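Visitor: Each chain, written out:
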Amino acid sequence: MSLAQRLNIALRRVPIWLVYLVGALPPVWYLYLGATGGLGVEPIAALEHALGLLGLQMMVATLAVTPLRRLTGVSLLRFRRAMGLVTFYYISCHLLVWLVLDVQAPARIWADIVERPYITVGMAGFAAMIPLAVTSNDRAVRKLGPRRWARLHRLTYVAALAGAVHFLLLVRAWPLEPLLYLAAILGLLALRLGRRRGARA
Amino acid sequence: MRRTHFPKAFTPDLGWADVTPKPLFMNRRALMAGGAAALAAGALPRAALAAWEDDWTGGEEIAASRFSTDEEPNSLDEITNYNNFFEFGTGKEDPARNADALTTEPWEITVDGLVENPGTYDLAELVGGLPLEERIYRLRCVEAWSMVIPWVGFELRTLLDRIGVRPEARFVGFETLVRPEEMPGQRRGILEWPYRDGLRLDEARNPLTIMATGLYREPLPNVNGAPIRLVVPWKYGFKSIKSIVRITLTEEQPVCTWNQQNPREYGFYSNVNPNVDHPRWSQATERRIGGGLFNSRQPTQMFNGYEEYVADLYAGMDLSEHF
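Protein chains in written order, with the working numbering: chain D, 135 to 335; chain Z, 9 to 331.
Hints listed in this document are in silico derivations from the structure and should not be mistaken for laboratory results. Predicted, not measured: the structure shown is a model, and the values here were computed from it. Don't take each hint at face value.
Unchecked claim - For the chain Z half of the interface with chain D, some residues (derived, Cβ under 8 Å), not all of them:
hint, residue
1, ARG74
2, ASN89
3, TYR90
4, PHE94
5, LYS100
6, ARG105
7, TRP153
8, VAL156
9, GLN269
10, ILE297
11, LEU301
12, ASN303
13, SER304
We treat Cβ as the ideally placed atom computed from N, Cα and C, and that holds for glycine.
Make a model of the complete structure from these sequences and hints.
Guide: This is the structure we're talking about:
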């Protein structure tokens, strides 16, 4: 039996609720750190940044599920829905910190969304995730039918790209980190593109 | 053309080198106080002198200033653990992690361009004796956060007088040290090194403009731009260039790193102005560091609250164009 097969058997014993449980913890932990001085002297920006990064990391992991299975045979498909929803949860927390702790003034929120390209792109990414979260249950899959459901869920690619571009647009100068996220997401999307072309040929 | 001694002719008055060092002075008192102690003290002067030379103020008094704000300064912990100093990395906590490795002794500064006394000087020789003051200033970062910082320094104009500015000069430019071995941020092209910035000469001569060599009455920590940096409190923080190794007087506007990197976002002037937004951040409000997780924003003041001292410099200029 191959390593991938053995891994898959082991993974089948991992309950899906564990992904939700473990996934739910980091924002709570960061909030605790922020409130007790563990995030440095500017905890609002630190918390916002940490949650945004968590979201991007989970997004990259979710996008990696399909290529991982194709390239190695290891299947995390069972957990993908949970991973996607945890991504949505992190980004929702990120947005909430921005709204409630960072911007504060409701009048400025709309102005920021319209005037600041990095916020416009970030909000577009979040908006693209809403229909994904709403249709993440079995009933929605049945109602839409698998083909339409799958087409709708290509919005994931839009959200992922928006997230990476949002990060790149908000930093000053050219630090490495946002470029690495963008490269990872572009790479994971390119793997799919190549396959689709290959399938047609 | 390194010089070991600053030419006396251009030193405005007596510098600290002309004053009897404090330990010797104290020692003289000891001599007068008791005969036996005096004999023992014979071995003292050399060590005492070395200790005195280590004293970064050169034994000078640090005067209070009418330009200081009475707002509560941020703690040393806050000031030294959250800032931008891209030479040490792009994260706000990278400088605190990496700046300790910087060697600041010896430190030489090259003075060139349109000056009477060009040359490369040892720091103490260049700035020794210039009157030190504590200046408690607001600092407003272009990223919309702010602090209150008790700098110690001297007015830039006193240094300009010492180096002798030629009449054709209209600007002063500064450069930060380039030393990738000690400055990890410089091992990558995050920005075009060396970091450069500059001022119009009348801005440089404004009494608010200081060269800081201290913080909280101690030597300036590496993380904040040791051993000497510019502080221009009515401009966004990045104009206050750190760890300076070159001062150049020019007729033309000097290159400023952020302006060069992105002229649409960072103007030459970069005066704090709540009415002119940075394309990516509103500048209307700011967050004062130190308020914790539920800190609220406060309105940003025109020229960071220094309008009465500096507004004249920009009379008749459209500040949304000359941002």
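Visitor: Taking the hints in turn, state whether each one holds.
Guide: Hints, verified against the model:
1. A hinted interface residue such as ARG74 (chain Z) counts as satisfied when its beta carbon comes closer than 8 Å to some beta carbon of chain D; here the least separation is about 29 Å, so the hint is violated.
2. This hint holds: ASN89 (chain Z) has a C-beta 6 Å from the nearest C-beta of chain D, less than the 8 Å allowed.
3. Hint status for TYR90 (chain Z) relative to chain D: holds, with the closest Cβ pair at about 5 Å, below 8 Å.
4. Taken as an interface hint, PHE94 (chain Z) checks out: its beta carbon lies about 7 Å from the nearest beta carbon of chain D, inside 8 Å.
5. The interface hint given for LYS100 (chain Z) holds, since its Cβ lies 7 Å from the closest Cβ of chain D, which is under the 8 Å cut-off.
6. Hint status for ARG105 (chain Z): violated, given a least beta-carbon distance of 12 Å to chain D, over 8 Å.
7. With a least beta-carbon distance of about 6 Å to chain D, the hint placing TRP153 (chain Z) at the interface is held under the 8 Å criterion.
8. A distance limit of 8 Å between C-beta atoms decides the matter here; for VAL156 (chain Z) the minimum to chain D is near 13 Å, and the interface restraint is violated.
9. Of the supplied interface hints, the one on GLN269 (chain Z) holds, with its beta-carbon coming within about 6 Å of a beta-carbon of chain D, less than 8 Å.
10. The restraint placing ILE297 (chain Z) at the interface with chain D holds, with a minimum CB-CB distance near 6 Å, inside the 8 Å limit.
11. Hint status for LEU301 (chain Z): holds, given a least beta-carbon distance of 5 Å to chain D, under 8 Å.
12. The closest approach between the C-beta of ASN303 (chain Z) and any C-beta of chain D is roughly 6 Å, which is under the 8 Å cut-off, so the hint is satisfied.
13. The criterion of a C-beta within 8 Å of any C-beta in chain D is met by SER304 (chain Z), whose closest approach is roughly 6 Å, and the hint holds.
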